[in-house]
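Protein sequence lines, in the order shown, are assigned to chains X and Y.
Note that the numbering used here has the first sequence beginning at 1, numbered continuously upward.
Note that the numbering used here has the second sequence beginning at 1, numbered continuously upward.
Incorrect hints may appear among the rest.
Some chain X residues near chain Y, calculated using beta-carbon distances under 10 Å [as the list claims (entries may be wrong)]:
#1 D82
#2 S148
#3 E234
#4 I235
#5 P452
#6 A488
#7 M550
#8 P606
What the hints contain is simulated information worked out from the structure, not anything from laboratory work.
These figures come from a predicted structure and were not determined experimentally.
Beta carbons: idealized from backbone N, C-alpha and C, even for Gly.
Number of protein chains: 2
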Amino acid sequence: MNWGIILFICFSVGVCAYASQDVQVFDLMPYPADIEVQRGKFLLDDSFRISVTGNPHERGYRAATRMLRQLSARTGLFFTQDFIRPGQLEHAAAMQVHVVLPGKVALHQDESYTLTIRPKSVTLTADTDIGALRGFETLLQLLKVNSSGYYFPCVTIQDKPRFPWRGLLIDVCRHFMPSEVIKRNLDGMAAVKMNVLHLHLSEDQGFRIECKTYPKLHEMGSDGLYYTHAQIKEIIAYADDRGIRVVPEFDIPGHTTSWFAGYPDLASAPGPYEISRGWGIHEAVMDPTREQTYAFLDGFFNEMCALFPDEYMHIGGDEANYIHWKKNRTIRRFMEANDIRDFHELQAYFNRRVNQILSYYGKKMMGWDEILHPELPKSILIQSWRGKEAMIQCAKDSVYTILSNGYYIDLIHPADIHYLNDPSPADVKLTEEQRKFILGGETTMWAEFVTPETIDSRIWPRTAAIAERFWSPESVKDVHDMYSRLEAITLQLEELGLTHEKNRGMMLRRLICSREIHPLEVLVDVLEPVKGYQRGALREYTSYSPMTRMVDIARPDASVARKFRWNVKAFLEVNLEPGTAQMIEEQMSVWKENHSELTALIRQIPALDEIKPHAEHLFICAQIGLEALNKIRKGDPVKKKWKKNHLKTLKKMHDPHGQTELMIVSAIKQLVDGVPER
Amino acid sequence: MNWGIILFICFSVGVCAYASQDVQVFDLMPYPADIEVQRGKFLLDDSFRISVTGNPHERGYRAATRMLRQLSARTGLFFTQDFIRPGQLEHAAAMQVHVVLPGKVALHQDESYTLTIRPKSVTLTADTDIGALRGFETLLQLLKVNSSGYYFPCVTIQDKPRFPWRGLLIDVCRHFMPSEVIKRNLDGMAAVKMNVLHLHLSEDQGFRIECKTYPKLHEMGSDGLYYTHAQIKEIIAYADDRGIRVVPEFDIPGHTTSWFAGYPDLASAPGPYEISRGWGIHEAVMDPTREQTYAFLDGFFNEMCALFPDEYMHIGGDEANYIHWKKNRTIRRFMEANDIRDFHELQAYFNRRVNQILSYYGKKMMGWDEILHPELPKSILIQSWRGKEAMIQCAKDSVYTILSNGYYIDLIHPADIHYLNDPSPADVKLTEEQRKFILGGETTMWAEFVTPETIDSRIWPRTAAIAERFWSPESVKDVHDMYSRLEAITLQLEELGLTHEKNRGMMLRRLICSREIHPLEVLVDVLEPVKGYQRGALREYTSYSPMTRMVDIARPDASVARKFRWNVKAFLEVNLEPGTAQMIEEQMSVWKENHSELTALIRQIPALDEIKPHAEHLFICAQIGLEALNKIRKGDPVKKKWKKNHLKTLKKMHDPHGQTELMIVSAIKQLVDGVPER
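This is chain X alone, in the form it adopts within the complex (with noise of 0.2 Å):
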């Protein structure tokens, strides 16, 4: 018996004792460490009002007033206070935020908070201002409303995170990303309590950020796409606004074609070289070896060590391509005079030269898994993506780690699979004492198929989910339960600018020239983008190549879909209940009789042509579906070959076309599995 599954059955259909009895659901992600509901409602009217005391940083007073504005559009209220200033102490007010030291957005910053909602009052404290933006959020997230007014339920909670990095990584170069795109994303971030935005800045594809001492690097290494120094300055002051850490990489000596592209003398091969219009692993490399190299990055460095305040900077170092090397005499000459034996030692060796760097500008070095090395010193932090023994293997040596692998969201893997990824898992052998090394986790949006118009919908919904694994206790992992959640957070996102729900109508009105996509919608529900790395083994792609077809409208973890194969799942489970079985037809009569005007609108747009083999599935699914559910019901069996027959049917239908793939087809094939044979 699944209680998940149950309990979703019961929402479904809403007639559930569980929720008829007014218990409080709470859409909170990530969802508190500590929660104690009371009985009653703080109402809210345009009488609220805010006191901010204590000692906060002003971004406190920001926040707060950012609060008041998120609350007054959703309410339509007319708060009578505009802003929230420092020395406007107002006993009368009925949020009293108390916050006893300034905060300063770094690794290990305290974010506790603790917020406690009478039927007269709310009540914020923090140490921070830090835990007192996350505590906003919260009470951002209790807002709840119905016929007599808007209301927070009285609770009190007491939070603070399970880990103090919890990042998302945006590549930046692959497609560029222009400062409104990442500003939202901070909000989004901000929103589900995410403190570190990793800003991947350079690769093959592009330089993505002003050098002043080599203007040659974004001058010719960019098409003119890349952040200049004031951008970059407005970037960091929104993210300390929102308590947000940046933490730049330049990706060394590997993936750094368009670093070439200006000074070919750091290569190992002889240029020109352009920029990179390709994905996959390139060869161009940086030249170990000569001294030159090591005073381009001293500059380099030197110039962004002072641009980005964190203590991090992330060399990258992943993916190195020992073929350039291997070709470069010199290089080898150089091995044997120094007794290198070989290139990942040729590699430490560069990444030995580099932390002295920065080093001597007062920073940390972080890198992917690739650069860990015995030689190396114990203050690097590593980014494990490969696997997890990268991480375990850091928290062995007392070094530093944060954990990736498994949080590469542009695989477009569905959420749950992210969620039950934990940074340390409790089933990897490690002391309490080791385990603290493992500083959390870092999701990570690569952008060979996304462009600012797509990257909020694979980066949204999925990282709330995250976020909640890196914040929240381990056991809070009922994925039934985040879901449902998730799917009230996904709206709220929306406040911010964010685009994940909203883009898809405009995507497929350019698509078909016209409002009247509801056909081509049904369609696209029930499809998600391949897995993994197929979607560029199954078609050439370059950067320039169109992101506006339909795998780029399909979203990842499909709802409807998802919502569909439970309802299946919980029906063949679960008692066949009639209620679901109702769901699960009404559901496959839309794909039925969706099916002429679907057709019809493919028929007319050429654009459209890849996906059509998925509408005839569709439809036939639908059918099969219909006449599977039906024989169920009336516990009509069917022989052997029936079976046989429909399953070698529908097995064709997991193929991909058009690089999506129909995510219903594995219900259908369970309901016809669930017909009683002869």
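Once you've looked at the hints, dock chain Y against the given chain X.
Relative to chain X, chain Y alone:
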């Protein structure tokens, strides 16, 4: 007999002989000066390439690349060409662009172009790259699709603008608009061939630009919401790349409260001053009698004239309130001593002094019609807003002028009102020579009631119709034809990141905390915000009032309501056509059947309470309308009293609720009126 209406019916029901003969319909806006249609199509496939020859400015290549990307985005075609760069002469490229000379983004720049599409070639020629840019936009609007592929119809277009000044004013003061809002609107402007962005940069409610000479202007006058020099340069470069001038406005001597927050000594009455949070005409005004005022303005304009490259500097000058001048004895003594008879003359004195400063810095002065005064030199430019009188006076006096009266889109009038407002009306007696002083017009987006979230929905699509008025021949003025093309253009504008369509769903979801917005959509589709200056009169607003309510979600010129009104009119005027009757009936049935879901929703969400009367009225309108329609169809006559009662009921339904109006009441009245009497 109204051919517009007949044409409209034909389009609506799709059975028109005109349409069925495969006559080409072009969704071009602005409509070109001359278009000649040939047989045949140019088929677009992934081998499509563009070659740009001649001597264009670099913006010509960038614009060609942008167009290639847009074509790829709409069609999903993977073009092999990556970037269009200087020196890539390709005789085999299907599209040949030839530009004679580099353009300069300035008044009176040549913007003409010739576009020829033949089955195997697309040719665009222009004297300047700015003309070529205009041609690229026309080509993008010509893209068509049918079952066999994407194509451009064969045409020859010779095009040039009617007026050289085609502007959009954006008020970034009442509500600040971040750079990305400006940029996406610049893209929208370029799409409809507008060429002046007028930035209204200072107001009682905010000083929105960094001033290095007098930093307290932005530090104390903006709540931190202002453009840095770097951002302004970015905006100017972005505009220049699209062939758009940026004309800054610093409104003086009135509308200056925010200046006085940091520099109270500039004012005519003692301070302190604070940024204003309310709307309306304020009393704060600069002291025109103190030399320090001019010394300050000299330093100020020295900085701003260098920052903005355009030859014009707008000094506002509107609505200067003379109350403080009247109260100030020193000012009155100054007037006596200098023989200045009245306050208008005092303002003229001020303007002359300012004009001297601007001349020194190489700028021409521009202002609202209040600054018109015989003592000002003829080099000034007058923006006529209170009426057309000032414009006509200017034309007669050989003073350059543009029209904004009739283009106040903040007043929420429908597009046709603006569309039929000609900047150089034929019925005004002016010689050809005099008319040359009328340079064009500007639509004005005042921002009391818009935020970054809603501003696009107020600007677009109506501004596209106004852009046509400024560009196309005077004779292009069929309202139904305009609306039909506007429908296509509004979807194309979405591609540019504009949010006029897509933010509606988001705002509805926020308001009801749910995806199930359909019942509310049905209502909001027939609501419009109140017109003119009613909104602020009906409820008190400040700059921090929520702009997220139904009045903000409702859009000007609600197209569902407009089409319904047209259909009713067409039905009653043109032989009671049965197809139209059916459309009317279906629409009213939707309203009727939606009612129970809608009222259930309103009951749950207090923010919807204010529009509850509209929901009731829509239901009653549907009932009465269906009854009337039925009687008209059957020829079933009624008593006078029946009509009288219904008309009395309907009369109250014109009243605004929640600052919105129900836009179908007049049509229901017409149906009632149309029932035969006994």
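A quick look at each hint next to the structure:
1. Hint status for D82 (chain X) relative to chain Y: holds, with the closest Cβ pair at about 5 Å, below 10 Å.
2. For S148 (chain X), the interface hint holds, the least distance from its beta-carbon to any beta-carbon of chain Y being 8 Å, beneath 10 Å.
3. A cut of 10 Å between beta carbons decides the hint on E234 (chain X): the least distance to chain Y is about 8 Å, and the hint holds.
4. Here the hint on I235 (chain X) is broken, as its CB sits about 13 Å from the closest CB of chain Y, past 10 Å.
5. Hint on P452 (chain X) holds. Least Cβ distance to chain Y is approximately 8 Å, under the 10 Å limit.
6. Below 10 Å, beta-carbon pairs count as interface contacts, and A488 (chain X) has one with chain Y at about 8 Å; its hint therefore holds.
7. Nearest Cβ of chain Y to the Cβ of M550 (chain X): about 8 Å, under the 10 Å cut. The hint holds.
8. The closest approach between the C-beta of P606 (chain X) and any C-beta of chain Y is roughly 5 Å, which is under the 10 Å cut-off, so the hint is satisfied.
In this structure, only the earlier hint numbered 4 is contradicted, and the remaining ones agree with it.
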